[in-house]
Amino acid sequence: MMKFERYEWIAIAIMISLFIFVGFIQGWSVSLVILNMCIISAIMTMGVNISWGYAGVINFGVMGFLAMGGLAAVIVSYPPIREAWQVGGTGLGISLILLAMLVFAVMYINKVVIKKSSKYWINGIIIFLGIIIIRYFYLNATANIEDVNPALAGFLGGLGLPIIFSWFVGGLFAAGVAFIIGKVALGLRSDYLAIVTLGISEIVVSVLKHEEWLSRGVKNVIGLKRPVPYEIDLQNADWFINLVTYLNTSKLNNVIDINDKQELLNNLIIDGSGIFVKLSYAILFLIVMLIIFYFANKAQLSPWGRMMRAIRDNETAANAMGKDVVKQHLIIFVIGAAIVGVAGAMLVTLDGLFTPSGYRPLRFTFIIWIMVIVGGSGNNLGAIFGGFVIWFAWIEAAPLTTFIINQLTLGLEPTNALKVHLLDSVPYFRYLFMGLILLLILRYRPKGIIPERVRHS
Amino acid sequence: MIDFLNSLVVLLNFIIIPGLSYGSQLALGALGVTFVYAILRFANFAHGEIMSFGAMITILFTWFFQSQNIGLGILPTALLALPIGIIATIILCIISDKFVFQYYRHQKSVPVVLAMVSIGVMFVVNAIIRIIIGTETIKFSDGQKFIMKAKQFKVMTGLNEGLALKSSQVITIFLTIILLSFTFWFLQKTKTGKSMRAFSDNEDLALLSGINPDRVVFITWMIVGVLACVAGTLYGLDKSYKPIIYLNLVLPVFASAIVGGIGNPFGAVVGGYVIAFSEIMITYAYKKFFVYILPGPLEPSGLVQLLSTDYKFAVSFTILVIVLLIRPSGIFKGRVL
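As given, the protein sequences belong to chains Y and L, one line each in that order.
Counting along the first sequence from 1, when you hit position 289 you're at 289 in the numbering used here, and nothing is skipped either side.
Counting along the second sequence from 1, when you hit position 273 you're at 1273 in the numbering used here, and nothing is skipped either side.
Don't take each hint at face value.
Computed from the model, here is a short list of chain Y residues facing chain L with C-beta under 7 Å [stated by the list, open to error]: (1) Val184; (2) Ser190; (3) Asp191; (4) Ile195; (5) Gly199; (6) Ile203; (7) His210; (8) Phe366; (9) Tyr428; (10) Tyr431; (11) Leu432; (12) Met434; (13) Leu438; (14) Leu439; (15) Leu442.
Far from chain Y, some chain L residues (derived; all Cβ distances over 10 Å) [claimed, not checked]: (16) Lys1108; (17) Phe1140; (18) Glu1203.
It should be emphasised that the hints constitute simulated quantities derived from the structure, not laboratory data.
As the structure is a prediction and not an experimental result, all values here were calculated from the model.
Note that CB positions come from ideal geometry on N, CA and C, so glycine has one too.
Go ahead and model the full structure; you've got the sequences and the hints to work with.
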C-alpha cells in the first residue's frame, strides 16, 4: 500500500477540517451536501486525471461521458413502459438492424474498393440512402413511442433494476462512447483532440436532449428510485427513532416538560433523517471513491503505469521500445471516460432526476479540468484534493462574494445602484474566482498543489 | 417557369441569404482563431468570450448613443458604437497577452498549456461580461429592420414566394467583404503583413532576419480584436445578444477554422461558409422547394428534412470529424495536426 508524504497528510487534514468547519458554521446538512458533490467531483477528476496525468491524453468530453452515465441511471432504474415497447419496439428493432447492416456495408466497401476517391463517393451515397430508409422506420417508431402518455411517459423507460447497478453500467456506456471517439480522434495533436472531444460531447448531449424516446429529452426524467431510504420512511421507523433518542439522551433529559420533549424529539428526527440520508449517500460514494483510488494508485505504480508515463514523456522513444502507443492511448482514454461515466451515474442517483439540458460545458467540462490542474495532474490524491477544494470554492464563492461586496460598499446606501447591481451579480463571481485560480495555479504552481511524485526506482 | 422561379426564391430566402450572413460571422470568428493559431501557436478557447466582450461594449455604447438621441437614421446605431467596441476589444486582447499569454510564450510552453491558460482567460472574461451586463437576451438593433419585406417582394414580382432581406444580413455581408479584403490586402501587400506571414511560416528564420516578434504579436492581437469584435457584434445584431451563446459559438468557429485548414486565413473564411451552409442545408425542410419543382404526383408527403433542426449544432462537428478523418490538414492545406 502506498505511503503518504507529509504534505499529503496536510492536504487530507485540510479537506476533512473544511467540512467540520462548514458543519459548525452552516450546519451539518449543508456540509454533507457539499461533501457528496465533492466526492463525485473527485471521482470525475480522477477519471480525467488518469488519461491526462498518466498518459497525457486530453479529454474534454467530460460532459458527454457524465451524460452517458446519467442515461445509464435512467435506463437501469426506471420501470419499463410496456406499452411504449409494444408500439415502437419492432420499428426500433428494424432500424437498429438496418443501421448495423449499413455499418457493415460501409466497412465492407472500405475493404473491397481500393481507389480512395471512388471509395468516398460510394460510401457517401450508401450512407445517404441508408439514412433515408432507416429514418422511415425510425421516425414512425419514435413518434409512436413519444405518443404513449406524453405527460408522464413518452419514452421506453428502463429495466426497473436497483439504481446502484447503473454506476457500473454508466461506466460501460461511457466507455463505449469513448471507444468510438478514441477510434476517430486519438492521434490528433493534443489541443485539437481537446476541441474534437469537446464537440463530440456536445453532440452526445444534444442527442440525449432531443431523442425523447430514449431519455425523455428536455422533459426530464424525475423520481428515480434511491439506493438509500427515504426521509419519510425513516421518520416512521422505530429503530431510527430509538437511535435518535439514544444519541440525544442528554439533550432530551434536560427538557422536563413532556410536550416540549416530544416536540424536540420530532425536530431531531426530522433533521436526523435528512442527515442520515445524506450520510448514507456519502458512505456509498466514499466506498466507490476509495475503490477507484486504490486501483488507480495500483495501476500507476504497476509496470503498466510506468509504460504510460514513458509514453507521455516521450512518445517516440516508447514507440521505439515496441510499445503500441495508439492502442495504449485508446485504452487509457476509455478507462478515464468509464470512471467519469460512473461519476455521471452517481450524480443522477444523488439528484434523483435526469435533466439533459443541465449538461453545460462550463460547469461539467471546464470546472472538472480546473480541478485536475489545481489538484495536480498525475497524482490521484491531488485529483481528489482538487475536486474537493474547487467544488468547495464553487459553492462557497457566493457567500464569500456577498461578504466582500458588503465590506467594500460599506459606505454606500443600500439602494445605491452600483451596490444593488453588484449584489445581483453575485452568482457570476464564482466564474471569476475559477478563472483566477486556474491562471494563478498555472503561473505559479504549474504542476498543481499536490504534484506528481517523481519516483527513482 | 413560374414554379421554377418560386423554388429559386425559396432557396434564396431560406438557405442562401441566411447561410451567407451566418457564414460571414463564422468566417470572421474563424479568421481570428486562425490568426492566433498561426502566430501565437495555440487554440484560443477564449475567442468566443472575446467576441462576446466586443459585442457587449458595443451594446453599452449603443445604449449611450440612443439615450443621447445620436443615431444613423436607417442604419443601426450599433455601427456607430462599433469602433469603440473594437478599441475596447483590442485593449482586452493586449491586456490578456501582457498579463497572461506573454509569460508562457517566453517560457516556450507547449500549445496545450497555452490552451489551458486560454480557458482561464475564458472564465475571467466570461465572469466580467456576466457581472457587467447579466445573462439576459438583449436586442439592440434599431433603425430600419428590413430592406425588403417578403410582402413587398411578392407585390413587386408577382411570385407566390416572398424574399425578405434583413438589414442586419446586408450589413453583415457588406462589413465582412470590407474586413476580409482589408485583411488579405494587409497580409499580402504590406511589409508588416509579410513579416507576419514569415513569422507564422518559420519563427526562427523570421527572428534571424530581424523581424521584431513583439511587434508581430501586437499587430496580431489588434487584428484579432477587430475581427472578434465585429464578428461578435454582427452575430448579436443578427440574432440578438445573449452572453451564454458565445461559448457555444466557439465550437462552430473552431470547426470552421479546422475544416478550412488551421493557420490558413483563406481556409478559415471558406471553412466558415462551408460550416454555415452545411448546417442550414442539412437541417432545412425541403418540402416547399420540391412542391414547386416536382410535378404533382411526385410531390413529397413528408418534410424532406435530413436532420431535425435540433441537431444544427451537431452538424458542424460531424463535418469537422469527417474532414479530420479524410483530410487532416483541412480543405486548404493548413498545418497537419
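* To do: If any of the earlier hints don't hold here, list their numbers in rising order.
  => none
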